[in-house]
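There are 2 protein chains.
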Amino acid sequence: MFTITPIEGGVCAPEGFYADGVSAGLKPEGKKDLAFIYSETLCNIKAIFTKNRFQAAPIQHFKKESIESSNFVLINAKNANAMTGEKGVEDIDAILSHAKALFKEIENPVMSSTGVIGVPLPKEKILKGIESFDLLKKSPDAAAEAIMTTDSYSKQVAFKVTLQSGDSFTIGAMAKGAGMINPAMATMLCFITTDAAVDADEMGAILKECAERTFNAISVDGDTSTNDTVMLLSNGKSAIYNREAFIFALEKAMHELALKIVADGEGATKCVAFKVTGAANDEEAATAAKALTNSLLVKTALYGEDPNWGRIASTIGASGVECDPKSLTITFGNVTVYKKGEILFDEEQEAKAAKVMKKSSFSIHCDLGVAEGSFTAYGCDLGYEYVKINADYRT
Amino acid sequence: MFTITPIEGGVCAPEGFYADGVSAGLKPEGKKDLAFIYSETLCNIKAIFTKNRFQAAPIQHFKKESIESSNFVLINAKNANAMTGEKGVEDIDAILSHAKALFKEIENPVMSSTGVIGVPLPKEKILKGIESFDLLKKSPDAAAEAIMTTDSYSKQVAFKVTLQSGDSFTIGAMAKGAGMINPAMATMLCFITTDAAVDADEMGAILKECAERTFNAISVDGDTSTNDTVMLLSNGKSAIYNREAFIFALEKAMHELALKIVADGEGATKCVAFKVTGAANDEEAATAAKALTNSLLVKTALYGEDPNWGRIASTIGASGVECDPKSLTITFGNVTVYKKGEILFDEEQEAKAAKVMKKSSFSIHCDLGVAEGSFTAYGCDLGYEYVKINADYRT
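Chains A and B, in that order, give the protein sequences.
The first sequence begins at 0 in numbering that gives the first Met the number 0 and counts up by one.
The second sequence begins at 0 in numbering that gives the first Met the number 0 and counts up by one.
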């Protein structure tokens, strides 16, 4: 038993963590674009990275240094430092050496980047930016703002977890991401801090497990980028750990941030939970659910608030999972429009289903009726704004 | 040696074929929506169908009847007769029985449908429509128009193939398709007629081979529908056959129709050939090329005429094929922007690449530099019109 309470403070909520965001001149008009997270003691650190074959320089650097502990994470927006070759990794070495020279307390610093692919990192600007850092600032809002790219709002959560004994630990997180978000985690960054005394050996496995049901279950546009990163830093300051409570709180933090990312999908007006049940197994359920989040025809129908269940059925059929029209049931919210071969889509049902779709958040449930596999994936609609944002992104 | 000459006449160009399109009241405003193709002698017939698990009733009917020869194909637009259960197949039986009763010369009739999924076929309207048919009409334009859904123009080709001996045969074809077009052939119908005396045993294999490089190499929105069909009817009237010449002409006809479909992609303003070379093998080249045609970020960049080569690289990296930034080369038209790890993207090159992208048709060449595999896939941009068309399709 434990209680979990939302609190303020983002990544600075756990004891001993500091963060700030400054303007280094990468974004126009003096917007914040360079952030750091600092812990007063060394953290165990685990990260999950993109499966893209062209992993960006920060990921290459992290792997090259075999980072297992750190007390400083530097994050820049506007430039992904991807497809930049050895020069990209050398730039990181230079930048982090500079940070260590300026702040003697920094150990094993790591870097993370997001933004345009294929443009050399504006190293000088970042070096200058670091010089303005005050490591003991607690400005989580500024940090969360600095890592944004096409995001329309910053994304943070924090929870205090109190065990039955009265002992407590805290978990905080921030993320960025709005488009190019794929079931395989894309163009998103997420940094999670905790003062829980997490067992270092199982930290990686726990992070991965929670990612499967959160960041790996969302899609904005089906693309997978070069920089995607979910990073967990635990400094153990609370000296408290309860495995079950920690996993619950971590998944909750990641789940809330994942939904914030979907809701902020470029130009999105709706966040939809695609719940697939009755699949041959959980993997097939995930395949079908993710296919629904990625179908352009489904996404545009969501935008048009059109309960076009035929496109839902067609997408499931095209996803390659075991299914049969005679056992399939499709339900918008609580309005069933197709049940095991029977079309229940008269004018009344259509009006009811259309009403469900007018909400900014609702679920579409597809029961394949084959076996017991289930998975819920989260997606959004695709409207004019998505095209506008992405046709003009670089310019 | 042979010569191949474009001619008029679409599906009626080969000897002994007739076609027409009428209005049966499925589309509004008296638009044509019901077409037939009739051959005065029995044809060998082969078809390739969608891989969607929820194959529509017309496909189920074709398979149930084990159709190998026919002289009559009935095609309706506006209703896909998909997800309509046994009733959907029974409706086809009733409709085709009616056609046979009206026209004694009809043998083994088949049906094909396209349009909205999940709505019962308006059988009575189609029965009435058939009554207005004149089987000996040669109105290929009317037939090609009747099978359109969101197409903005009808799609036909015909070629006369003359062998060195002076003997000749003819091939004609019509297709529909504008959106929901996937590398795995979607929401498209294509009917090909020929008077060549094609060997019935190898007709299916030839059709499949040609489809791989044509209809299976195009994408508008990555979706795969329930009705997709490519059908080849050969009545042998010319008594002439030359395997090499026939394959060449068939692939040419299918290739031209495939490009017409891409160019008519819903809201598309550009048709782009994504040429991938240097892949580990042809399959990997196809995987990468098709991923490029399906990436929303690439498609919106095409629309924005933005030579955002980072998105091209990222999509290749995400496609899972063997590749390395150090061996990759990316070229827009004849402007190389990234060459084996080196970014050649200065202002001058960017301006040149942007100029290439202003064309309505151009190529993007990605040499993976791994081995010798190659494939070219054809795609289009995604703009506001696509969203508009698909948000409002049913209403």
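Quick caveat, the hints were computed from the structure, so don't treat them as lab data.
Wrong hints could be hidden among the right ones.
[What the hints assert, rightly or not] Only pairs whose alpha carbons sit at most 27 Å apart, straight line, appear in this in silico DSS-like list of lysine-lysine:
(1) A/Lys338 - B/Lys122
(2) B/Lys122 - A/Lys387
(3) B/Lys351 - B/Lys387
(4) B/Lys358 - A/Lys354
(5) A/Lys26 - B/Lys351
[To be verified] Quick list of the computed label-pair ranges, beta carbon to beta carbon:
(6) A/Thr4 - B/Asn280: 39 to 45 Å
(7) A/Asp345 - B/Lys63: 26 to 32 Å
(8) A/Ser359 - B/Ala199: 54 to 60 Å
(9) B/Gly340 - A/Glu211: 29 to 35 Å
(10) B/Glu7 - A/Ser326: 47 to 53 Å
(11) A/Asp345 - B/Gly29: 52 to 58 Å
(12) A/Asn280 - B/Glu89: 33 to 39 Å
All C-beta atoms, glycine included, are put in the ideal place defined by N, C-alpha and C.
task = Assess, step by step, whether the Cα of A/Lys26 is no farther than 27 Å from the Cα of B/Lys351, and give holds or violated.
result = holds (26 Å)
inquiry  = Between the alpha carbons of B/Lys122 and A/Lys387, is the straight-line distance 27 Å or under?
reply    = violated (43 Å)
task = Go ahead and decide if the range 26 to 32 Å is satisfied by the Cβ distance of A/Asp345 to B/Lys63.
result = holds (29 Å)
request  = Indicate whether the distance between the beta carbons of A/Thr4 and B/Asn280 respects the range 39 to 45 Å.
outcome  = Since A/Thr4 and B/Asn280 have Cβ atoms about 56 Å apart, the given range 39 to 45 Å is violated.
key: B/Gly29 and A/Asp345 - C-beta distance against the hinted 52 to 58 Å   = violated (27 Å)
key: Pairwise beta carbon distance, B/Glu7 to A/Ser326, judged against the given window 47 to 53 Å   = Since B/Glu7 and A/Ser326 have Cβ atoms about 49 Å apart, the given range 47 to 53 Å holds.
ask   = If you check the beta carbons of B/Gly340 and A/Glu211, does the distance land in 29 to 35 Å?
value = For A/Glu211 against B/Gly340, whose Cβ atoms are near 34 Å apart, the range 29 to 35 Å holds.
task = Could you see if the CB distance from A/Ser359 to B/Ala199 stays within 54 to 60 Å?
result = holds (58 Å)
Cβ separation of A/Asn280 and B/Glu89, checked against the hinted range 33 to 39 Å = holds (34 Å)
ask   = Given the proposed pairing of A/Lys338 with B/Lys122, does the C-alpha separation stay at or below 27 Å?
value = Roughly 23 Å between the alpha carbons, so the hint for A/Lys338 and B/Lys122 holds.
message = For B/Lys358 and A/Lys354, compute the direct alpha-carbon distance and say whether it is at most 27 Å.
response = Given pair B/Lys358, A/Lys354 is violated - Cα atoms ~43 Å apart, limit 27 Å.
query = Would the pair B/Lys351 and B/Lys387 pass a check requiring their Cα atoms to be no farther apart than 27 Å?
reply = violated (32 Å)
Hint compliance for this structure: hints 2, 3, 4, 6 and 11 are not met, and every other hint is.
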